[in-house]
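Undergrad: Both chains are sitting in their own frames, so use the hints and assemble them into the complex.
Quick note, the sequences are listed as chains A and B, same order.
In terms of numbering that gives the first Met the number 0, the first sequence opens at residue 0 and continues consecutively.
In terms of numbering that gives the first Met the number 0, the second sequence opens at residue 0 and continues consecutively.
Please note that the accuracy of each hint is not assured.
[Stated by the list, open to error] In silico contact screen, one side only, chain B against chain A (beta carbon under 10 Å); selected entries: (1) Ser-121; (2) Glu-152; (3) Glu-187; (4) Glu-226; (5) His-305.
[To be verified] Selected chain B positions facing chain A (Cβ under 7 Å, derived; list incomplete): (6) Val-119; (7) Ala-186; (8) Arg-188.
In short, the hints are calculated from the structure, not lab data.
Note that the Cβ used here is the ideal one computed from N, Cα and C, for glycine as well.
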Amino acid sequence: MRRLSFAEAVREAMVQEMERDPTVFVFGIGVPSHAKIFGTTAGLEEQFGAERCFDTPISEESMTGFALGAALRGLRPVHVHIRVDFLLLAMNQLVNMISCYNYTTGGRTPIPLVIRAIIGRGWGQGAQHSKSLISYFTHVPGLKVVAPTTPVDAKGLMIAAIRSEDPVIFLEHRWLHWAVDAVPEDAAASPIGTARVLRRGRDLTVVAVSWMVVEAMHAADILARHGIELEVIDPRTLAPLDVDTLAASVSRTRTCIVADCDWVFSGFSAELAASITERCFGQLTKPVRRLGWAHTPCPTVRALENVFYPNAETIVHVVEDMLGCGPFDLAGVDFYNHENRFKGPF
Amino acid sequence: MTDVTPDPKDRHDRLFRTALLIRLVEERIIDLYPSDCIQSPVHLSIGQEAVAVGVCEPLQRNDLLFGTYRGHAYYLARGGDLNAMFAELFGKIGGVSKGKAGSMHLAAPAVGMMGSSAVVASAIPHAVGAALAARVRNTNQVIVTAFGDGATEEGVYHESLNFAALHGLPVLFVCENNGLAVHASLAERQAYRMIDQARLYGIPAETLTDGWDFLAIADATDALVREIRRDGRPRYLEVATYRSREHVGPAEDFGAGYRRRIGLEDWQDRDPLIQDTDRIARLTPEITAEIDRAEAFARASPWPEHEDLLSDVV
Ligand SMILES: Cc1ncc(C[n+]2csc(CCOP(=O)(O)OP(=O)(O)O)c2C)c(N)n1
Ligand SMILES: [Mg+2]
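The following block holds chain B by itself, in its conformation from the complex (with noise of 0.2 Å):
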């Protein structure tokens, strides 16, 4: 893929495609949520979008990467199944892990999708060590792991900082960063700059401010997928974005009193999924029509038996 320059309108129309594929999806839960079909949190990455298609773009299909329970985006930009996703939401047998996982912990491996936690920073290790393997068994893999700004917070990311740097290992870490962590904002919580962190690691590290922009995170993402192919060592992203809705569920909460509407006004000013109503139109039909098809197939795929229950625990 990344041998390869694509027609650079196709590959625009393909990003944007993926983006808007993300959005819908997502508003289609918001649609479906107050029915209860869905019975579990989601947390929803409307308006950040564009990190997850910009990261994932430019990977090969055997690249992996390891993300959080905020994890629509990253399952669907790496090509994750529709119709499995849908009934995991659903809690349906037809989902990506029976309907046993749900929201916070899609997977896909056979695309490269390596799992979701929901324990903040948890996975963060884990593409270290899927790094150690990549090398150990010469696959030229690079591995992936996204998180929030909270996640920096967490010893086990600075270990893990440490570890891939004293070891040179092919992760790019990806710090998805719109700024709170549920209510909390980076300055309540924060004494440093990530960015400056990393780099005292000895990590290569950049932050691009315009989180909206799904073609500069995948040009950004290409040059440092291609360095980590080159050398073998981790690089370090920070992409500022934004969260459109609540930490957790399908509403706004603007109301709640730890953040302001206007944030969100100066987002959407700037947001290509609203902006680009040409696209928009020619597009939406028939990604409608296929987000149509994967909750009909939610809706009609069975429930778990109670034997199921017991599956793959041990």
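Bound conformation, chain A alone (with noise of 0.2 Å):
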């Protein structure tokens, strides 16, 4: 099977839903500039033309809202934020308007509306321009949120999101982008709300979001060396989220990690902590621990970044401390290489 990147992938299931449906249309500051949002909206204006593919004033809150008026006469809107901080700009309309419009009118007006945010760690971003805030999205009923991590799934979930009569946000961490796989080339739409397990192991259950995702694999690499096997699980989509799968997998492992890609305190790492708690609790031989970022806004400064953000390492030495296993020789191990091979500004 041809291979793509994640980025690729994105604007493959783009193009595919616009080429099959002429309702759909994408639309963002910057989108069709020549940076093209990671590569993601390359090629879309000139093949769809101007009226689907569009720059937008600096008015978040304004277009938000266009979106949804959009959506509610049958078209399909894609909006799209380069960074989810400015998503912020938008939140009444999304939680007080997108949310519920559906509801507040009986069910009779469905909102097919993505809205794709980029989330995480850059290049020095610091504390305006690096968060992922998934919690902030999966708390509100009405709204669908995915996070995928592969490129086939990047694929799916597009597709599926553009295809959903609900709204759907759809977070990318951006370093994300670069991950390549094999993806097939029909379009086929993934499941909205199935998590997927990336990797078999008995000893030890990890949950990880997002950017996690990449970490919780090293990690599982480096402790298979000495033994351990780790179970890796993205649950792809964060709201609704697939609690059986998590549950089935921490009944067999009986510990489990949560690691998430944002904030740990009243963050999306409670839920998933707390969801499992509550299915899993008589299995469990330990309480489930979270990890996440340091609560404090990010820094900029990259010796600091190193702390605020946790990795394989992190993952691995929270292993250790809960299988009482280890202390394994980390030496030669290169943590740092997906933020080496960054370099800004975006």
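TA: Take a look at the structure:
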């Protein structure tokens, strides 16, 4: 099968849906400009014209309400934000309008709209340009929230999101855009609402969100060399959450780490830990452990970024602690390779 | 400051020196950037220095300014410490914000540089609130908010203009119109003229077209600041200016296809920081030495410690 990057997979999903359905359009600040939102909107304007792929003024709230209006009247907007931080300006439209429009019209006005937002760590992006805010969205009834981590799921979930009759928040960690894998050519939707077990293992379950899936898989590779088997699960859809798959795994391994790509306190990791604990309390040998960002605005300087963000090494140490194994020799393991690859400014 | 008429030649020299300082600082940043000692985005003001210099000169020390991520020029024009700025860019503990804020958030409240926001338009209402405080506390301060043309597309901008006009607050709105928001031109984004719109709120507004002319900008600002101090009401100044580098980062990007190099050449033909070779020759050595010292200070300053991660949060 041919291989695509995550960014190309997102793009291909949008292109195929735009070809299939003339009501789909893609817009947002910088969407048609030459930087192309990590390449995900490359060629859209050329292929579909400025009616279906366009830039906007810097007016997030209005453009989000505009998307609602268009969705109400039979169009399928895909609104793109180069950083989730800017989506905060549109929270009123999202939380007071989009999430409950169908509800307040007795189910007569579904809102088929997709909001794409780039989340997470960049390169010295600091306090206002590197948030994830996952629980802000999962907290609100009436929104579906997906956070694919593989090119296959990026394509499948984008197709599903565009075809969904409900509003879908599509969260993309910026470093995931380079991930490359085999991706099917046909336009098949991945189901919204199912988790994926990325790696089987008997010793401990890691439920990892967005970028932390990459770190968890890295930790699993390292620990496998020392005879420890991690099971790694990517929920893929954060709302609605596939608790069955998570609970089935934790019932077997009886130990669980939740690794989130966000602040810990009141974060999505709290929901994961609580949902798993409610289902698996009797089987757990230890309380579920949560990992995420330090409780501070994101520092700009890399020396502190590296302690702000957990990574595979953090996961290895928590595993050592929970299983009473190790400490393992991590000399020679390169933990910051993605960060070193990324040279600003986006 | 505004009560004494300075020797015109001294004044010209002083303004020129500040503008040149900003230019040379940013050129140093460009030189340093490839070595990766500044590991965060930089939004340069090369081409736009005269706006910051002209706007800040007539301000008194206790007047306040709120800026944006394109903030090096304002930080320096307000007299922000150069050593602390370089250390901040390097992410060192000697930085203005201990290296934790970086280029996009330069602040020096001690000299009235109240902060810089990287979320477009979001600092504009802060100036309006600070202006209310100035009135309540009877400080006779003028509060400046500097922003780009793109910021005028946000709702919060309109809401802020309205409130400042409605309540007659001592704010100077300064729009740095470089005709671009990232890669999008003004014509692709706006159905209005900023100046007309400010007037619709009843705010006296004017536009300066020679954005390289720091003397003209300083004169216009001086007049506006005097008016604000007299009647306590808002004023609006739009300055047409020119961004010579890419939106973010150290490079030129004329190859990207969204604008033409010819604009740069037109600008450079008039830019005193290129044309006034006598002053440049006279002032450069001393400024360069100052920048060398700041760079050395930044290099020598320690990294923040892990304990610093959680400081200043709550
Ligand atoms: C609310 C918000 N939306 C989008 C962005 C992304 N962004 C950063 S700078 C910028 C352009 C701003 O243009 P302008 O206000 O003219 O300032 P300039 O960069 O030209 O100085 C945009 C869209 C942002 N930082 N904040
Ligand atoms: Mg601009």
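Undergrad: Just to be careful: measuring from the Cβ of B:Glu-187 to every Cβ in chain A, is the smallest value less than 10 Å?
TA: holds, 6 Å
Undergrad: Mind checking the CB of B:Ala-186 against every CB in chain A and telling me if the closest is under 7 Å?
TA: With a closest approach of 11 Å, the B:Ala-186 hint is violated.
Undergrad: Is the hint on B:Glu-152 kept, meaning its closest Cβ partner in chain A is under 10 Å away?
TA: Status holds, d = 4 Å.
Undergrad: Restraint: B:His-305 near chain A, CB-CB cut 10 Å. Satisfied or not?
TA: holds, 5 Å
Undergrad: Quick check on B:Glu-226 please, does its C-beta sit within 10 Å of some C-beta on chain A?
TA: This interface hint is violated because 30 Å lies over the 10 Å limit.
Undergrad: Mind checking the CB of B:Ser-121 against every CB in chain A and telling me if the closest is under 10 Å?
TA: holds, 8 Å
Undergrad: Answer holds if the nearest beta-carbon of chain A is closer than 7 Å to that of B:Arg-188; otherwise answer violated.
TA: holds, 5 Å
Undergrad: Quick one, is the B:Val-119 hint okay against chain A at 7 Å, beta carbons?
TA: holds, 5 Å
In summary, the numbered hints that this structure violates are 4 and 7.
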